[in-house]
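Asker: Residue strings, one per chain:
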Amino acid sequence: MPEQPGKNAIEVRGVRKVFGSGEAAVAALDTVSVSIRENEFFTLLGPSGCGKTTLLRLIAGFDYPSAGEILLYGDDIALLPPFKRPVNTVFQSYALFPHMTVAQNIGFGLEMLRKPKAEVKARVAEMLKLVRMEHLASRRTSQISGGQQQRVALARALAPQPKVLLLDEPLSALDYKLRKEMQIELKRLQNQTGITFIFVTHDQEEALTMSDRIAVMSSGKILQVGSPWDIYDKPADRFVADFIGETNFLTASIAGVENGKARATLKSGATITASVADGFQPKAEATVVVRPEHAKLTKGKAELSGTVENIVYFGTDTHIHVRLDGSNDLFIVRQQNARSAGCGFEAGDKAGIAIGDDAAQVLRD
Amino acid sequence: MATAEEIARAADRRDIRNRWYLSAPALLTIFFAAVGPLAIVLVYSFLTPGSYGDVKWQFSPEAWVSVLFERDIFDDTLSLAGAHISIFWRSVKLAIITTLITLALGFPTAYFMATRSEKTRDLWLFLITIPFWTNLLIRTFAVLQIIRNEGIVNTVLMKLGIVSAPIQILYTDVAILIGMAYVYLPLMVLPVYASMEKLDFRLVEAGYDLYASRWQVLRRIIFPLVKPGVIAGSILVFIPAIGAYVTPSVLGGGKNMMLSNLIELQFGQGRNWPLGSALSITVMLIVMVALLVYVRNAGSQEVRHG
Amino acid sequence: MAKSFSIRHQPGFTTIAAVCFVALYMPIIVLVVYAFNEAPSTSEWGGFSLKWFQSASQNAQVIDATLRSFQIAAIAATLATIAATMAALATTRTPPYPGLTFKYAMINQPLMVPEIVTGVALLIFFSRIKIFTGYSGLGYLIAAHTAFCIPFAYLPIRARLENMDLSLERAAADLYATPWQAFRRVTLPLLWPGILAGLMLAFVISLDDVVITEFVKSGGQDTLPTYMLGQIRRGITPEINAISTAFLLLSVVIVTLFFFVSRKRD
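Protein chains in written order, with the working numbering: chain X, 1 to 365; chain F, 366 to 671; chain L, 672 to 937.
No wet-lab data here; the hints were simulated from the structure.
If you're wondering where the values come from, they're calculated on a predicted model, not measured in any experiment.
Positions of the beta carbon are idealized from the N, C-alpha and C atoms, including for glycine.
Hints are not guaranteed to be accurate.
[As the list claims (entries may be wrong)] Now the stretches of chain L that chain X is said to cover, found in silico as 3 or more residues with beta-carbon under 8 Å:
1) 744 to 750
2) 757 to 770
[Unchecked claim] In silico lysine to aspartate or glutamate, EDC-like type, Cα no more than 16 Å apart, as pairs:
3) X/LYS163 to X/ASP30
4) X/LYS84 to L/GLU840
5) L/LYS801 to F/ASP565
[What the hints assert, rightly or not] Ranges of calculated distance between the beta carbons of each label pair, as one might list FRET restraints:
6) L/THR772 to F/ASP574: 54 to 60 Å
7) F/ASP574 to X/LYS129: 55 to 61 Å
8) L/GLY906 to F/ASP565: 50 to 56 Å
9) L/LEU921 to F/LEU492: 53 to 59 Å
10) L/GLY890 to F/LEU433: 49 to 55 Å
11) L/ALA830 to X/SER172: 25 to 31 Å
12) F/ALA571 to L/PHE741: 22 to 28 Å
13) L/LEU837 to X/PHE249: 54 to 60 Å
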């Protein structure tokens with residue numbers, strides 16, 4: 001683990017969650033441990049059924065772990081009921097109370113905490129301002145748009161000043177443009193309030209744009225925790241590399257692992273320098289990944305060679321599919337487009353693929 | 366210290382216990398004022414009738430024997446009780462015919478309602494709901510006024526010169542049929558409509574696209590899809606019809622008895638509580654058979670859709 | 672121009688539906704019209720008059736039966752609705768647990784047994800208790816009415832609960848509401864329309880009952896429907912039309928309210 005600046009807001013230690021019993025038992029979380037730092041925008045990323053929502057529900061208190069501890073600033077809260085945890089949730093469906101106004105919704109938590117009326121009023125006003133909803137304070141929640149409901153849900157969860165804010169795929173119900181806006185808005189709110197955010201999503205783009213750190217989950221396990229750059233450029237294993245972005249998988253023999261670098265000899269015979277994932281166990285053959293935009297297509301000879309098979313135009317860039325000589329695998333190269341210029345290749349052309357030092361990553365599995 | 370697992374299990378147990386406490390008032394009320402007494406009826410059906418009603422606490426299978434048989438007072442031989450059997454037969458017959466009439470009228474009505482526009486559909490539903498919640502006695506009384514000899518039907522027929530003397534409808538089986546069909550029609554329309562409303566008319570379009578005629582679409586597509594509603598409606602009509610009390614007593618007069626009137630008689634002038642009890646249990650058995658048929662049909666229906 | 676082909680049309684169905692709607696309302700309309708008949712007959716029209724309403728409203732037996740009907744219906748419907756609300760909370764929004772099916776069967780049981788059978792059973796059971804305790808008040812009728820009203824009150828309440836988003840209560844708990852506060856502030860307000868619908872349904876069902884009341888009542892405990900049944904058996908006068916008309920009006924008002932309450936979405 002790298003150095004840990006600041007305190008930990010949440011520490012999850014060896015948490016298991018099993019649903020059902022006996023033969024039908026399913027482990028939704030399989031001994032998960034992770035630390036989430038104070039004031040951090042932390043994202044749990046993974047496909048549906050990976051256990052990310054289960055973990056969030058355990059932190060919120062809607063469910064109890066089968067084993068393990070959940071510490072909030074050092075205190076074990078794993079068995080506390082939700083109304084005794086200074087943690088609030090923004091629900092996927094927003095779960096706004098339909099029989100209350102926007103302001104009543106926002107004030108609900110403070111009221112339950114028996115705050116003085118004046119304080120509740122002031123805080124609600126402050127929250128309305130924070131999410132720019134002052135003009136709709138007395139509306140029913142059914143009379144406002146989806147994006148506005150989203151803001152109310154946020155304001156409601158932020159109003160009691162929780163130590164940690166949990167967000168369960170809060171943007172999934174919004175359309176594309178609104179989602180983009182809310183991503184920026186969420187980031188702004190987090191900066192402004194300084195509250196620790198734990199954000200659950202299956203959308204890798206969302207995770208990469210907003211997070212300070214990301215935990216990638218699959219089948220009840222956390223596979224990798226790191227900054228968006230780490231996760232994208234230095235995936236630890238095949239699942240992470242495949243789930244986030246597009247990537248090319250190559251088989252190589254590995255030699256001379258030192259300082260996180262290794263010499264990888266590709267099937268074509270070329271040898272490149274590649275960074276090595278944490279937890280890599282030395283072995284003769286391993287998988288090496290190269291992002292399509294980190295490789296370059298050349299007319300002459302390079303580390304790899306093959307025949308151009310398909311050219312797919314995407315507007316900002318072009319994907320060129322190359323059938324590799326020898327292995328017969330497909331390798332994708334992404335080229336930035338320039339105005340009024342083709343990509344310089346045509347289907348059937350012979351081409352070389354240049355992979356620079358540090359463009360490749362050796363996976364641990 | 367308790368493990369998380371134990372605490373979760375304890376919480377589950379507590380939840381289930383609380384759910385029992387919460388349902389206790391409803392369950393106890395129904396047990397003491399509806400279900401439990403049925404067991405007493407069963408016990409009474411095996412006792413000896415008291416001379417002034419009620420029972421003597423003495424075991425006797427006589428009540429069950431006399432559900433279907435008559436004992437000759439001189440030589441003690443058994444013969445089929447013609448009166449009882451004809452009442453059984455009439456009750457079952459009238460209940461089945463009522464079910465068929467309400468189906469024949471209710472199915473097209475439900476179809477008509479389901480094919481109206483979204484807005485007017487609620488209005489039609491409302492129009493069916495009103496009679497449904499209107500006092501059954503009042504509705505029977507309304508039918509009585511229509512069909513009696515001085516009623517509007519006979520008056521109109523005579524004024525038009527179609528008949529010279531009023532047709533005697535009241536106090537016949539036809540009167541009971543008209544009355545039951547009238548009061549139970551909404552019970553058929555509502556469930557049929559409920560499944561008809563969910564019918565996806567793109568399936569009907571697909572049927573026509575594949576060369577089906579109107580009749581074939583009705584028989585091969587619409588009917589199979591709304592069959593659960595038809596079965597539910599038939600049960601909802603059959604159960605109260607077999608045990609109908611108000612309609613036969615008002616429209617059937619004293620002679621055209623149905624099972625419920627026969628039962629009432631045993632607790633009134635008949636002073637034979639054990640026989641009344643045995644007859645009541647018999648009605649319940651008929652209803653239970655009908656319900657079993659329903660459950661089996663509904664069950665197989667789900668399998669086919671799943 | 673050729674008539675275009677309609678997907679929804681089935682020959683004759685509209686005619687049958689029209690006949691049904693006319694047939695459903697015609698007898699009721701005739702009944703109401705003759706309630707305003709001057710002549711003491713239900714076949715000859717003798718001009719408009721309110722005299723039958725007047726005579727009914729001065730008939731001591733009618734007043735007595737009406738008051739008793741309302742008293743029983745009000746108490747029984749209230750008790751049934753409370754019991755049904757609690758039962759609905761106990762039987763919805765939970766993974767299946769031992770006894771759940773039993774509860775469903777028990778609650779719906781009064782709908783499955785013919786009224787005549789329940790009537791007979793209660794007649795026997797209550798006559799024993801009467802001998803045993805010496806009590807012969809309205810309690811028996813109220814208990815019987817409460818029992819058969821429970822499944823009717825239960826239906827709309829359960830439907831409402833099942834359509835209610837569980838995450839709302841979860842959100843309340845997340846915002847520091849204790850289970851009781853969450854129930855008071857979130858569950859109950861959202862459940863109200865269902866409870867109200869259940870109450871109205873139970874009230875109408877109790878008010879309409881003839882068979883069970885006929886068997887359970889002691890002497891001098893006539894409700895309006897059992898009083899009317901006795902009168903109809905003896906022979907009909909327009910006074911019964913007048914009582915029926917008033918009764919009908921009440922039913923229509925309650926059903927209309929019910930219709931709007933149960934369809935209300937928020």
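Asker: So, for every hint listed, does it hold in this structure?
Answerer: Each hint, compared with the structure:
no. : hint                             : verdict
1   : 744 to 750                       : violated (count 0)
2   : 757 to 770                       : violated (count 0)
3   : X/LYS163 to X/ASP30              : violated, 26 Å
4   : X/LYS84 to L/GLU840              : holds, 15 Å
5   : L/LYS801 to F/ASP565             : violated, 57 Å
6   : L/THR772 to F/ASP574: 54 to 60 Å : violated, 43 Å
7   : F/ASP574 to X/LYS129: 55 to 61 Å : holds, 59 Å
8   : L/GLY906 to F/ASP565: 50 to 56 Å : holds, 54 Å
9   : L/LEU921 to F/LEU492: 53 to 59 Å : violated, 18 Å
10  : L/GLY890 to F/LEU433: 49 to 55 Å : violated, 34 Å
11  : L/ALA830 to X/SER172: 25 to 31 Å : holds, 28 Å
12  : F/ALA571 to L/PHE741: 22 to 28 Å : violated, 54 Å
13  : L/LEU837 to X/PHE249: 54 to 60 Å : violated, 43 Å
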